[in-house]
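A.B. asks: Residue numbers (my numbering), protein chains in the order written: chain A, 1 to 290; chain B, 1 to 246; chain C, 1 to 942.
Treat the hints as calculated values from the structure; they're not laboratory data. Check before you lean on any hint, since a few could be wrong.
DSS-like cross-link-like pairs, simulated, lysine-lysine; straight-line CA separation at most 25 Å [said to hold, decoys possible]:
hint, chain 1, residue 1, chain 2, residue 2
1, B, 137, C, 934
2, A, 66, B, 137
3, B, 203, B, 186
4, C, 934, C, 530
5, B, 203, C, 2
6, B, 186, C, 196
7, B, 10, C, 762
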Amino acid sequence: MHPAPSIIAFTTLSGLGFGLLVFLGLGLPAPTGWIAFFHFGLGFGLAVVGLTASTLHLGHPERAWKAFSQWRSSWLSREGVLAVAALLVMGLFALGRVFGLYDAPVLGWIGAVLSALTIYATSMIYAQLKTVPRWNHWSTPVQFGLFALGGGALLAGQLGVAILGVAAAVLFQMLNWQWGDTRFAERGHTGETATGLGAMGQVRAFEPPHTGNNYLLKEMVHQVGRRHASKLRLIGITLAATPLLLVILPAVPVVFGLLAILHCAGVLVIRWLFFAQAEHVVSLYYGRAA
Amino acid sequence: MTSLPTHTDKKLGLVIDLDTCVGCHACVVSCKGWNTENYGAPLSDQDAYGADPVGTFLNRVHSYEVQPADGAAALVHFPKSCLHCEDAPCVTVCPTGASYKRVEDGIVLVNETDCIGCGLCAWACPYGAREMDGAEKVMKKCTLCVDRIYNENLPEEDREPACVRTCPAGARHFGDFADPDSNVSKLTAERGGMDLMPEQGTKPVNKYLPPRPKDEAIDILAPLLEPVAEKPEGLLAWLDKALEKI
Amino acid sequence: MKQPVVEASPHVSDEVKKTTCYMCACRCGINVHMKNGKVAYIEGNRDHPVNQGVLCAKGSAGIMQVNAPSRLRAPLKRVGPRGSGEFKEISWEESLTLATDWLAPVRENNPEKLAFFTGRDQSQSFTSFWAQAYGTPNYAAHGGFCSVNMAAGGIYTMGGAFWEFGQPDWEHTKMFVLFGVAEDHDSNPIKMGIGKIKGRGAKVIGVNPIRSGYNAVADDWFGITPGTDGLLILALVHELLRAGKIDLDYLADYTNAPCLINEVEGPEKGLLLRDDTGKLLVMDRVTGQPMAFDHPDVRPDLRGEITRGGATHRTVFRTMIEKYLDPAYAPDAVADRCGIPAARIKALAAELARVAFDEEIVLDQPWTDFRGRRHDKMVGRPVSFHSMRGISAHANGFQTCRALHILQIILGSVEVPGGFRFKPPYPKPAEAHPKPHCKVTPGAPLDGPHLGFVHGPDDLCLKDDGSPARIDKAYTWENPMSAHGLMHMVISNAYAGDPYKIDTLFMYMANMSWNSSMNTKGVMDMLTDKDEAGEYVIPRIIYSDAYSSEMVAYADLILPDTTYLERHDCISLLDRPICEADGAADAIRWPVIEPDRDVRGFQSVLCDLGARLGLPGFVNDDGSQKYEDYADYIVNHQRRPGVGPLSGWRGGANDGGTGRGDVNPDQLDRYIENGGFWVKHIPAEARYFKPWNAAYQDWAVETGIYDAPQHYLFTLYSEPMRRFQLAAEGHGERQPPDHLRERIREKLDPLPIWYGTEDENKGDAYPITALTQRPMAMYHSWGSQNAWLRQIHGQNPLFVPTKLWEEHGFAEGDYARVTSPHGEISVPVAHMAALNENTIWTWNAIGKRKGAWALGEGAPEATKGFLLNHLIHELLPAKGDGLRWANSDPVTGQAAWFDLKVRIEKVGARAECAPEFPPIKSPVGKGPQDLTWKTKGKAAAE
Ligand SMILES: Nc1nc2c(c(=O)[nH]1)N[C@H]1C(S)=C(S)[C@@H](COP(=O)(O)OP(=O)(O)OC[C@H]3O[C@@H](n4cnc5c(=O)[nH]c(N)nc54)[C@H](O)[C@@H]3O)O[C@H]1N2
Ligand SMILES: Nc1nc2c(c(=O)[nH]1)N[C@H]1C(S)=C(S)[C@@H](COP(=O)(O)OP(=O)(O)OC[C@H]3O[C@@H](n4cnc5c(=O)[nH]c(N)nc54)[C@H](O)[C@@H]3O)O[C@H]1N2
Ligand code: SF4
Ligand code: SF4
Ligand code: SF4
Ligand code: SF4
Ligand code: SF4
Ligand SMILES: [Mo]
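Using the sequences and the accompanying hints, generate a full structural model.
C.D. replies: As structure tokens, then:
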């Protein structure tokens, strides 16, 4: 799939943002005043920047509001609805915290649940697509969840959870790549099933329908060289794993911040691969299958 | 309207005969012509006369070479447009309800005024049947010529899809698959009409008729011609007899 | 939420105008849907005889053609050097004055110094009329490099040909064999036919080195080695004769098989015996006496022989069996050369015989033959054939075409139910066609029509000194039976001054500096080369095109034409008509929109120019212009009394009329009311056996196709060819030059033969054959200016068969250097398995010159697209005898495009194809960036 920067930013940043909000909602930590302002600010900031990034990907952002209507059936719609709900509830919760007006832990818990669900919904936008075997698997929500958890914990300064979460995310990602690399083949989608001509013999794409380019090729038939990919995987994993250094480094805010940034960079690389390496079944019709 | 209807009164769609499609692209261009002028936004072309022309087409003709275990390779021309799936993933993923499947005839359409151009439906379609228009930034797809098949401003005989009307080889057939006696249902039954990528579980309405067996019409094991003579004189002698009969 | 409401009955158009498509030469009927005066949508006309409603990709893209940015806008006068593309726009008055100033003196002194050649011309009966009035012998259309072998082979053999002049009996045929066709002029009818017969379960057999398009849907594919069809066909003939699987009655009654070959040594030897009234003689089986072939009681005897003048004269049939039973024609003897196993050849012969004789069709439709015999039914042999350039575009093409017709004829499957059928004005034997004329008188018309059919040396176009009378050397010993001229030799000969130099080259609708020419680079040089005096070797070039083609840049004066929706045209029975096997038909084009540019229909311009030059037929007695424009000519011109360009509604008939009649001033309106065409159907009794069917002959006379019945026998044995052989053997006044005697004696065999062409093309050093095919969605060079079509075919790879692909270790993205005896190109390759193992090919005419067709910088057509033409020369590789041997068929002069022999090697990846040419300056600028077309809504991206 075409690795669109807007979507990579969206999934990464909103993931971290809502991840952080989950912890804040659960009261880990439970700051007040200015500290709370910065903590919540960071959470909302990341989430909102992420969501805004996603609208850049739209042909008609001005109609984006229409996307709230289909929550019954559409994960993309649900993601929107949940995100807004999460932000509203957490907003009310935050108000109380920042200005010390009131303390409503229940709002926090609800907000935390909504934030978690938002992360889940985001992952399901991809995990639901049968057309992209690499994504179409329970591991996708788990992966998104683990990165949000680890990253969120990191930003929330939750040393233990952060280390465990990041470790889990990174390890799971490595497994996930292994599984993902073979899934397209496992699903049994081939030129033969795509054309139904298998009974005649072995199918090979001859001339493309048009010598000119088209939307499908640009959007869904993207190829990354094997060696290039494995290099990026290494870089991504290494950066994403940097927070594990907290085992030896002093757990002071600066360190947290620095590692968070490195971690975030790592996740961005990993997300780029998440899209760039995802093979869409339509490529079978263009003889470009992985 | 993104939930799929539990039942549609009709199941309109196309049968495409891979045995007779000569790959002429007539259906591709007449589709482009009709849909540029009609339903929704025109099908635009970017860099139309330049180095990298990219246009929106709702129907494209692929071609595949098929190599049997033994015998000569065959070439199959393969038109592809929206298959108007019964279990259309492109519809259920749509966040705005712009994508929907019609209850009355099962046609899958995009209501362009509701489309935010997120592209998710195109991602959800296994068949590459949806293209985002480069100028209007809304999702375009085969409408099954919904603005022809019921169009009172067209003579009765022309109320069929543009691609079907124009196909010189008669390789495209339009009809109602819900009616077992329709031309399309019969063709599908007789010729073993098939689904594309059935394992995706989309239950396509459009069916493809497989090419008839190749290179078997002339059976090299069939009895060869019996010579009546090897030499001219012999043939003349035979001719005498043959002519007596006439 | 409820389902949106869709406007299911939108307004389709304000008005539908019915005219004739001209996105190619098939000439289908179109419904042009108009919205506020603009073309909104084009679809096929269901009532039209040619396409019955369907429309191909090109036709459907017409809207992108009539609005193409490449359309010429006004007359152009060259200001830069030739080939630069630098022009200034001038007025029509100035351009026509200039043309007149150039052409008038030439006509006064030596008219032959004007060479007027037309390409995709659909008004040949008009353009030739103009050229004849002007007085130059140098006129022809593009047929000579196109497929004259097919036309001449058919007409000389059976008085009709493939092309679009005939068709299989789609209704009844049970087996259809296609030799060397990718697309053909009958584009839509062939597709409709194939669809129809496959729907019925009838078999389609493709004989073609390449398995694409029609051959891809064929049930069986014979991937023949190019140039060897003659051998395959004669092997089939051998098998059928050997098995006696031939239609004896058909041969005896309708062909010259029973005619007697003169055995007396001397100038008559090998000609057919005739009675004193000049009628062919046959032996009557009943009386054993010689009789005229058309005698009411004659029962021609295929075995017949007669002793006269001390020699025994035997029948053509006996000569045939002696020739073709020779083991040299046995399947086992030809298999390797054809690249087809003997077993498959035998099986094909058996299947042909089975279908022809065991599945015979009988229509109970009585008819009467020309001998007055009544037949109570029509018996048919349901095997049909079609063929085109795959056979004709070789230097052995004429004989191969003849061989294929012989095969059809011995099976008795021509003009019978289920077989091959002629379309009016065919059948029409070679004898019924005019002979070529070339007598020049300064200031006066030519002595007759330029093109026609020769019957022996006396009809050749030679000057008194024996040198060629025509610039293209048509109808000379080099290619005596060149029925269509040799357009591909005009520039080359004019440049070489062989046979003589010319003053003005006047061309219409032919992209001669690009895809239309062999040796493209060479042609560019010939067109731009100057003599010592600094004058261009070809002094003046006038050209009419509608678009900014490559050729435009090489002319001195451009007469810009209209597009096909902006002018009157006439698809006439005098020309290449649009008839169907069951009826005569003709059609018109008429301006459904007005030009938005300062352009004029070329034929109207000729009416004007003709008058300015005072050409007879173009001026009234008072010297004033006779035809105001082409429409005026179409309606008011008469060839013979009661016969004109259009046959419909003559003499004011309301029902369409007989085809004959006086001028009808409202004729065009009648056509427009009727959808742009006219059809007159053939009565049931006259539908088959046309050459011998009394009812058909009478119908044809009534319709004005000819003035008296034209019964004739199919020509298995060709006397005209024999006459040229006799000359080569030393008989007669007119004698061939010695260097051609042997070739004529050998190649003009009166019975079909096969000979290889690889030696003279250096096949030993260049073992691979390189071919082109027509893409169904492109028309030669002019599809590329079409925003929709160019996305389908914007570049063309060289397709390489598996064996060569692996041998050379090619990979996707590689380029290959392709070398012929004449030149080399470097082009991108693609793998194709369904391809003869010694053949490579590409799509024709996709490659474009930079700067042409209003395409942008870096257009793929000009970088990744290429022409094979750079590898093909109009002359054969030099033989060391100092002579210029044309790369043409020795019988007709047909350009041998497909004899191209090459070798290839891998050159890895490249940025662009080679050779590269500098861009030409576009006289029309470049096209817009984006198109969001909608006739209502905004127009093309303003
Ligand atoms: N390698 C290779 N070369 C080939 C062939 C092949 O098979 N292989 N085929 C050969 C054959 S058979 C043919 S017939 C030739 C065809 O080659 P050409 O005769 O050159 O045909 P086109 O390129 O279609 O068009 C000729 C010109 O007509 C112009 N034109 C189009 N419409 C109009 C109009 O309405 N009015 C006027 N005045 N001009 C118009 C076009 O702009 C173009 O410049 O190519 C030959 N060249
Ligand atoms: N769409 C479209 N239609 C056209 C045209 C066009 O440009 N585009 N051009 C028109 C013109 S001008 C013409 S002349 C006609 C020509 O119509 P076609 O005769 O169909 O012309 P080609 O495309 O040259 O096809 C030649 C075929 O012969 C095959 N062939 C080559 N050599 C041999 C051989 O030795 N033996 C056999 N058996 N096959 C062989 C080639 O593989 C190819 O399939 O098409 C007309 N129709
Ligand atoms: S128009 Fe018909 S024959 Fe041509 S490509 Fe389309 S389906 Fe095939
Ligand atoms: S073909 Fe694709 S676009 Fe059409 S209904 Fe099926 S999934 Fe949706
Ligand atoms: S692109 Fe339009 S139609 Fe497709 S899913 Fe998005 S909103 Fe729905
Ligand atoms: S049905 Fe209509 S919209 Fe669909 S492919 Fe055919 S022409 Fe195009
Ligand atoms: S075949 Fe196509 S381009 Fe040619 S006349 Fe017919 S519709 Fe037009
Ligand atoms: Mo041609």
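A.B. asks: Need the status of pair residue 66(A), residue 137(B): alpha-carbon distance at most 25 Å?
C.D. replies: holds (16 Å)
A.B. asks: Has the given pair, residue 203(B) with residue 2(C), been kept, meaning a C-alpha gap of at most 25 Å?
C.D. replies: holds (24 Å)
A.B. asks: Is it true that the CA of residue 137(B) sits at most 25 Å from the CA of residue 934(C)?
C.D. replies: holds (16 Å)
A.B. asks: Straight-line Cα separation of residue 186(B) and residue 196(C) no greater than 25 Å?
C.D. replies: Distance ~17 Å between residue 186(B) and residue 196(C) Cα, so the pair holds.
A.B. asks: Next pair to validate is residue 10(B) with residue 762(C); report whether the Cα-Cα distance is within 25 Å.
C.D. replies: violated (65 Å)
A.B. asks: With a cut-off of 25 Å on the C-alpha distance, tell me whether residue 203(B) and residue 186(B) pass.
C.D. replies: The hint holds at about 18 Å.
A.B. asks: Does residue 530(C) lie within 25 Å of residue 934(C) when you go C-alpha to C-alpha?
C.D. replies: With a Cα-Cα distance of about 49 Å, the restraint between residue 934(C) and residue 530(C) is violated, given a limit of 25 Å.
In summary, the structure is inconsistent with hints 4 and 7 from the numbered list given earlier, while agreeing with the others.
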